[in-house]
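Student: Here is how the chains run, residue by residue.
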Amino acid sequence: MSGKPRLHYFNGRGRMESIRWLLAAAGVEFEESYLEKKEDLTKLQKDGSLLFQQVPMVEIDGMKLVQTRAIANYIATKYNLYGKDMKERALIDMYVEGMFDLNELLMIYVIQPADKKEQHFANMMDKAENRYFPVFEKVLKDHGKDFLVGSQLSRADVQLLEVILMAEECKPDTLAKFPLLQSFKARISNIPTIKKFLQPGSQRKPRTTEEDVARAMKIFR
Amino acid sequence: MSTKPKLYYFDGRGKMESIRWLLAAAGVEFEEEFLETRDQYEKLLQGGSLLFQQVPMVEIDGMKMVQTRAILSYIAAKYNLYGKDLKERALIDMYVGGTDDLMGFILMFPFLSAEDKEKQRALIIQKATSRYFPVYEQVLKDHGQDFLVGNNFSWADVHLLEAILMVEEKKSDVLSGFPQLQAFKARISSIPAIKKFLEPGSQRKPVPDDKYVETVRRVLCMYYDVKAN
Numbered sequence: 001m002s003g004k005p006r007l008h009y010f011n012g013r014g015r016m017e018s019i020r021w022l023l024a025a026a027g028v029e030f031e032e033s034y035l036e037k038k039e040d041l042t043k044l045q046k047d048g049s050l051l052f053q054q055v056p057m058v059e060i061d062g063m064k065l066v067q068t069r070a071i072a073n074y075i076a077t078k079y080n081l082y083g084k085d086m087k088e089r090a091l092i093d094m095y096v097e098g099m100f101d102l103n104e105l106l107m108i109y110v111i112q113p114a115d116k117k118e119q120h121f122a123n124m125m126d127k128a129e130n131r132y133f134p135v136f137e138k139v140l141k142d143h144g145k146d147f148l149v150g151s152q153l154s155r156a157d158v159q160l161l162e163v164i165l166m167a168e169e170c171k172p173d174t175l176a177k178f179p180l181l182q183s184f185k186a187r188i189s190n191i192p193t194i195k196k197f198l199q200p201g202s203q204r205k206p207r208t209t210e211e212d213v214a215r216a217m218k219i220f221r
Numbered sequence: 001m002s003t004k005p006k007l008y009y010f011d012g013r014g015k016m017e018s019i020r021w022l023l024a025a026a027g028v029e030f031e032e033e034f035l036e037t038r039d040q041y042e043k044l045l046q047g048g049s050l051l052f053q054q055v056p057m058v059e060i061d062g063m064k065m066v067q068t069r070a071i072l073s074y075i076a077a078k079y080n081l082y083g084k085d086l087k088e089r090a091l092i093d094m095y096v097g098g099t100d101d102l103m104g105f106i107l108m109f110p111f112l113s114a115e116d117k118e119k120q121r122a123l124i125i126q127k128a129t130s131r132y133f134p135v136y137e138q139v140l141k142d143h144g145q146d147f148l149v150g151n152n153f154s155w156a157d158v159h160l161l162e163a164i165l166m167v168e169e170k171k172s173d174v175l176s177g178f179p180q181l182q183a184f185k186a187r188i189s190s191i192p193a194i195k196k197f198l199e200p201g202s203q204r205k206p207v208p209d210d211k212y213v214e215t216v217r218r219v220l221c222m223y224y225d226v227k228a229n
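Chains A and B, in that order, give the protein sequences. Going by the UniProt record's numbering, the first sequence opens with residue 1, and the numbers climb by one from there. Going by the UniProt record's numbering, the second sequence opens with residue 1, and the numbers climb by one from there.
Derived by calculation from the structure, the hints in this document are not laboratory data. A hint or two may mislead.
[Stated by the list, open to error] Once the Cα atoms are required to be at most 25 Å apart in a straight line, the calculated DSS-like pairs of lysine-lysine come out as:
id: 1; chain 1: A; residue 1: K127; chain 2: B; residue 2: K43
id: 2; chain 1: A; residue 1: K171; chain 2: A; residue 2: K138
id: 3; chain 1: B; residue 1: K15; chain 2: B; residue 2: K170
id: 4; chain 1: B; residue 1: K64; chain 2: A; residue 2: K138
id: 5; chain 1: B; residue 1: K119; chain 2: A; residue 2: K116
id: 6; chain 1: B; residue 1: K78; chain 2: A; residue 2: K87
id: 7; chain 1: B; residue 1: K64; chain 2: A; residue 2: K141
id: 8; chain 1: B; residue 1: K127; chain 2: A; residue 2: K218
id: 9; chain 1: B; residue 1: K119; chain 2: A; residue 2: K218
id: 10; chain 1: A; residue 1: K84; chain 2: B; residue 2: K87
id: 11; chain 1: A; residue 1: K117; chain 2: B; residue 2: K227
id: 12; chain 1: A; residue 1: K127; chain 2: B; residue 2: K64
id: 13; chain 1: A; residue 1: K78; chain 2: B; residue 2: K78
id: 14; chain 1: B; residue 1: K15; chain 2: A; residue 2: K87
id: 15; chain 1: A; residue 1: K84; chain 2: B; residue 2: K84
id: 16; chain 1: B; residue 1: K117; chain 2: B; residue 2: K171
id: 17; chain 1: B; residue 1: K119; chain 2: B; residue 2: K227
id: 18; chain 1: B; residue 1: K87; chain 2: A; residue 2: K78
id: 19; chain 1: A; residue 1: K46; chain 2: B; residue 2: K127
id: 20; chain 1: B; residue 1: K185; chain 2: B; residue 2: K196
id: 21; chain 1: B; residue 1: K87; chain 2: A; residue 2: K87
id: 22; chain 1: B; residue 1: K196; chain 2: B; residue 2: K6
id: 23; chain 1: B; residue 1: K141; chain 2: A; residue 2: K46
id: 24; chain 1: A; residue 1: K127; chain 2: B; residue 2: K15
id: 25; chain 1: B; residue 1: K87; chain 2: A; residue 2: K4
id: 26; chain 1: A; residue 1: K84; chain 2: B; residue 2: K78
id: 27; chain 1: A; residue 1: K64; chain 2: B; residue 2: K84
id: 28; chain 1: A; residue 1: K116; chain 2: B; residue 2: K117
id: 29; chain 1: B; residue 1: K227; chain 2: A; residue 2: K127
id: 30; chain 1: A; residue 1: K43; chain 2: B; residue 2: K127
id: 31; chain 1: A; residue 1: K138; chain 2: B; residue 2: K43
id: 32; chain 1: B; residue 1: K84; chain 2: A; residue 2: K78
id: 33; chain 1: B; residue 1: K4; chain 2: B; residue 2: K64
id: 34; chain 1: B; residue 1: K195; chain 2: B; residue 2: K205
id: 35; chain 1: A; residue 1: K218; chain 2: B; residue 2: K227
[Said to hold, decoys possible] Partial pick of chain A residues on the chain B-facing surface, computed with a CB cut under 7 Å:
id: 36; residue: L51
id: 37; residue: F52
id: 38; residue: R69
id: 39; residue: Y74
id: 40; residue: M86
Backbone N, C-alpha and C define an ideal beta-carbon position, used for all residues, glycine too.
Work out the full structure: start from the sequences and follow the hints.
Tutor: Listed below in structure tokens is the structure:
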């Protein structure tokens, strides 16, 4: 039975957002089951759906996949977003892991205690602007091509756009010193599947608020 | 030109240890350059060798690879330890994700205060015995095969053995409720390449000590307090 992939997570970005981006970029329609109360999570745990008792979980091709990277790797390979050979994969993996690290920093900002927020903000934007963005700016500058790796769209492009937009939500002028990332952002945002995902009414989730975190904590505690 | 991979890291386990395990399991000889001084690290940084200014870094096949997962995936694929198709890869990725999370609890252990170490040790054992080991025990029980995925030796087996041994260092009888894992441990340990890696004199690194912690702090200027996760 071939149904659409079904995502199990709470109604928010968290670790599932990168998966939503990838599926959307690949033009794959998907369904979502939202965990709203603790019982929703325990039910999934009890019926053996969650290998390590955790979400994200994605039902796809008869499997109940868990572990964000495993899910992303599967989708990227299946939909041809993972480069054409091992060396391109290696580059994509390196870039994507760096973006994952930056994403983590951005993601945990909202859960910082009040007295740590300012320091965390400074640190995360410093990393974005001095560790990560310069790397991708240089990659684009060095090869002068439209995509980060090879000559077609890959998950590296999708995830870079995702992390750029998240960083801009925190600091709108974060790309000021990165002209190539600015044009990259415009270019990738214009790809039809991605353009659609960026429009209101898509399954893209809004920026996580402290209320969202409080609600999620009730489910996961 | 085919040269040995070269690993750049501290003389200790940290994030590089899983890479040493995988190369050893694949029967691949490798060289190591150990970071002992801040100067060495800054030299690597200035030379542009560290894409995100971090180690691990592995020179392999003309690339200076960084990011542990990227390096491990590359090695696994190159040496045929990543399953035979997309579905086996997915299983391997899931299993490795689990053992990675488990070992993640142990990674920062040497940097914790004595009091936090006690709490963390209890947490490691609890996670191992209630969340992670039962999964692999069940997988082996269900298919009755020697290896976790596809009846073939893979990255998932190497990673699980590494995790088992690391948790046993915290509690030597931690496998007592897991007969399948005990047999698995014996079986995988006796694979020649792995057996060799487990012998004294190999490039396997010992349990991290205060000297290791000091070196890391010195090289990375990482003098802040590390909290348990």
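Student: Next step is simple, just say for each hint if it's right about the structure.
Tutor: Consistency of the hints with the structure:
In summary, the hint linking A/K127 to B/K43 is supported, as the alpha carbons are separated by about 20 Å, within the 25 Å threshold. Taken as a hint, the A/K171 and A/K138 pair is honoured in the structure, with Cα atoms around 21 Å apart against an allowance of 25 Å. A distance of roughly 18 Å separates the Cα atoms of B/K15 and B/K170; the hinted pair therefore holds under the 25 Å criterion. Taking the CA atoms of B/K64 and A/K138, the gap is near 16 Å; set against the 25 Å cutoff, the hint holds.
The suggested pairing of B/K119 with A/K116 holds, with an alpha-carbon distance near 24 Å, which does not exceed 25 Å. The straight-line distance between the Cα atoms of B/K78 and A/K87 is roughly 10 Å, inside the 25 Å bound, and the hint therefore holds. Taking the CA atoms of B/K64 and A/K141, the gap is about 19 Å. The hint holds against a cut of 25 Å. Taking the CA atoms of B/K127 and A/K218, the gap is about 21 Å. The hint holds against a cut of 25 Å.
A threshold of 25 Å between alpha carbons decides the hint, and for B/K119 with A/K218 the separation of about 24 Å falls inside it, so the pair holds. A threshold of 25 Å between alpha carbons decides the hint, and for A/K84 with B/K87 the separation of about 19 Å falls inside it, so the pair holds. For the suggested pair A/K117 and B/K227, the alpha carbons sit about 17 Å apart, so the restraint of at most 25 Å is met. A hinted pair counts as satisfied when its Cα atoms are at most 25 Å apart, and A/K127 with B/K64 qualifies at roughly 21 Å.
Simply put, A/K78 and B/K78 have alpha-carbon atoms about 20 Å apart, close enough for the 25 Å limit, and the pair holds. Restraint check for B/K15 and A/K87: the C-alpha separation of about 22 Å stays at or below 25 Å, so the hint holds. Under the criterion of a C-alpha separation no larger than 25 Å, the hint pairing A/K84 with B/K84 is consistent with the structure, at around 17 Å. Proximity of B/K117 to B/K171 is assessed by CA-CA distance (about 13 Å); at most 25 Å being required, the pair is judged to hold.
Taken as a hint, the B/K119 and B/K227 pair is honoured in the structure, with Cα atoms around 11 Å apart against an allowance of 25 Å. Taking the CA atoms of B/K87 and A/K78, the gap is near 10 Å; set against the 25 Å cutoff, the hint holds. At roughly 17 Å between alpha-carbon atoms, A/K46 and B/K127 fall within 25 Å of each other, so this suggested pair holds. Pair hint B/K185 plus B/K196 holds up; C-alpha atoms about 15 Å apart against a cutoff of 25 Å.
A threshold of 25 Å between alpha carbons decides the hint, and for B/K87 with A/K87 the separation of about 21 Å falls inside it, so the pair holds. Between the alpha carbons of B/K196 and B/K6 the distance comes to roughly 19 Å, so the proposed pair stays at or under 25 Å and holds. For a cut-off of 25 Å, the pair hint linking B/K141 to A/K46 stands: about 19 Å separates their Cα positions. Among the hinted pairs, A/K127 with B/K15 is consistent with the structure: their alpha-carbon atoms are about 20 Å apart, no more than 25 Å.
A threshold of 25 Å between alpha carbons decides the hint, and for B/K87 with A/K4 the separation of about 17 Å falls inside it, so the pair holds. For the suggested pair A/K84 and B/K78, the alpha carbons sit about 15 Å apart, so the restraint of at most 25 Å is met. Distance restraint check for A/K64 and B/K84: the Cα-Cα separation of roughly 19 Å lies within the 25 Å cut-off, and the hinted pair is therefore satisfied. With a C-alpha separation of about 24 Å, the suggested pairing of A/K116 with B/K117 holds against the 25 Å cut-off.
Distance restraint check for B/K227 and A/K127: the Cα-Cα separation of roughly 21 Å lies within the 25 Å cut-off, and the hinted pair is therefore satisfied. For the given pair, A/K43 sits about 20 Å from B/K127 by alpha-carbon distance, which is consistent with the 25 Å threshold. Between the alpha carbons of A/K138 and B/K43 the distance comes to roughly 20 Å, so the proposed pair stays at or under 25 Å and holds. For the hint pairing B/K84 with A/K78, the CA-to-CA distance comes to about 15 Å; that is within 25 Å, so the pair holds.
Between the alpha carbons of B/K4 and B/K64 the distance comes to roughly 13 Å, so the proposed pair stays at or under 25 Å and holds. Taking the CA atoms of B/K195 and B/K205, the gap is about 15 Å. The hint holds against a cut of 25 Å. Restraint check for A/K218 and B/K227: satisfied, since their Cα atoms lie roughly 24 Å apart, inside the 25 Å limit. For A/L51, the interface hint holds, the least distance from its beta-carbon to any beta-carbon of chain B being 6 Å, beneath 7 Å.
Given hint, A/F52 at the interface with chain B, holds; its Cβ is 5 Å from that chain's nearest Cβ, closer than 7 Å. This hint holds: A/R69 has a C-beta 6 Å from the nearest C-beta of chain B, less than the 7 Å allowed. Interface restraint check: A/Y74 against chain B, minimum CB-CB distance 5 Å, threshold 7 Å, status holds. Checking A/M86 against chain B by beta carbon gives a least distance of about 6 Å; that is within 7 Å, so the hint holds.
Violated hints: none; the structure is consistent with every hint.
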